[in-house]
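**Student:** One line per chain: the protein sequences are A and B, in this order.
Here the first sequence is numbered in the numbering used here, starting from 122 and rising by one per residue.
Here the second sequence is numbered in the numbering used here, starting from 8 and rising by one per residue.
Simulated from the structure, these hints should not be mistaken for lab results.
Hints are not guaranteed to be accurate.
Stated by the list, open to error - Some chain B residues close to chain A (C-beta under 10 Å, calculated; not the full set):
1) Val-174
2) Pro-246
3) Gly-291
All residues carry an ideal CB built from backbone N, CA and C; glycine is no exception.
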Amino acid sequence: MGGFVMVAAPKSPRGVLVVLGILAALLVGVYASTLGSIAVGIGLIAVILYGIYIVGYRFDDYLKNRL
Amino acid sequence: MTRTRRPFTWGALVVVALLVAGAITPPTVRGQAGTSVITVDAGHGLTDRAAIDRYEDREVATTALTVPDLRLTVAESHDDVGLEGYRMDMDKRYLRIQYNETLSKTIRVFIPAEYWYPVTSEGQQGINADVAADFEPTTSGRYTAVTVQFDGQTDAVWAIPKAASFVFWGRSQSRKVIENRTGFEPPTLGANGTWRYVPDGQLDGEASYPINVTDGSLTIQYDSAREGPAGDPTWLAVPECDGGPAPVCQYEKAGIDDRVFILSTTTDPPPVRFKRGTDLRASGSSIINDLRLIPDRIMGDLSGLFDVEWGGS
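So here's chain A without its partners, still in its complex pose (with noise of 0.2 Å):
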């Protein structure tokens, strides 16, 4: 049987910042130019969304329990 492959939509704000990480990084395979191209985009894109992961988390942290 031919398929469609189902898939889920994020649940959680870690899926989603996973869901827009890799079509960043699909972006950055199809436009960059160069293999060091894309493997620094890959790079930044990491350290960004960790970083906004990192912050969410404080910022969450801080308005849940300090607030």
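Dock chain B against chain A, hints included.
**Tutor:** What follows is chain B alone, placed relative to chain A:
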């Protein structure tokens, strides 16, 4: 029932994502197509011994060229390069380039080390004109290669701080001492040597141009200024020929190990430059330029898609 705490909420994610999106939006750069480089190099009067002697006597030396039509002046006083008003000259040397043509040209000249010790500086703005110059030591360390993009008749002066010249001299001497004492050659960010350029017309009409590879590695780049809104030359690495959209690409021929070929995939190829060795600084800039151009490429594809879909309205 206890509820496990999720790492963070959707609201926090949206706030942080908006902040980051604002922070990483690429800056807008002035736009202008790149031009090929006219390499005057050492073929001018300031490299003559007589001009250097005159500079040591009078602290000013000048020479004129007819093709391209320009005048070069090196001086220790701002009066000698046409700058008015009061200026502290004791910590500077001045380079004046009077470009007397109306055509846009990028010109490279070599200034001998007798005037100032070769320095590196990218995009240094002129004191009296809105024109930038790149300064770079040549392979031999005998000259500073000065590359300037002129948009028409221009009279521009740049100041070369003596302190910068002294720092570069000190760094060079330190390298020599380390090499002589230990035999270890400290790594450098930039490959030694100046850029060479594929001559005008050699890549026209989807032609290829051979580059000799004598010592193993080359840094090859093309000016992608016409691709996006970029203004100053936007140098990108020339990719391998694998069917990509780049206007030029590089390939090797089986059985020919000492040459790399540059192939133009368009009838209007961009300027291409190359130098021996791996220039880490230039490669890093190329990667940053390439990543900055990605949003423009995506928007270009999207607008092309909508043009087709909606009949080019």
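**Student:** Now, for every hint given, state plainly whether the structure supports it.
**Tutor:** Each hint, compared with the structure:
Evaluation of the Val-174 (chain B) hint against chain A yields a violated restraint, the C-beta minimum of about 29 Å exceeding 10 Å. Of the supplied interface hints, the one on Pro-246 (chain B) holds, with its beta-carbon coming within about 5 Å of a beta-carbon of chain A, less than 10 Å. Taking 10 Å as the C-beta contact cut-off toward chain A, the hint placing Gly-291 (chain B) at the interface holds, the least distance being around 9 Å.
Going down the numbered hints, you'll see the structure goes against just number 1.
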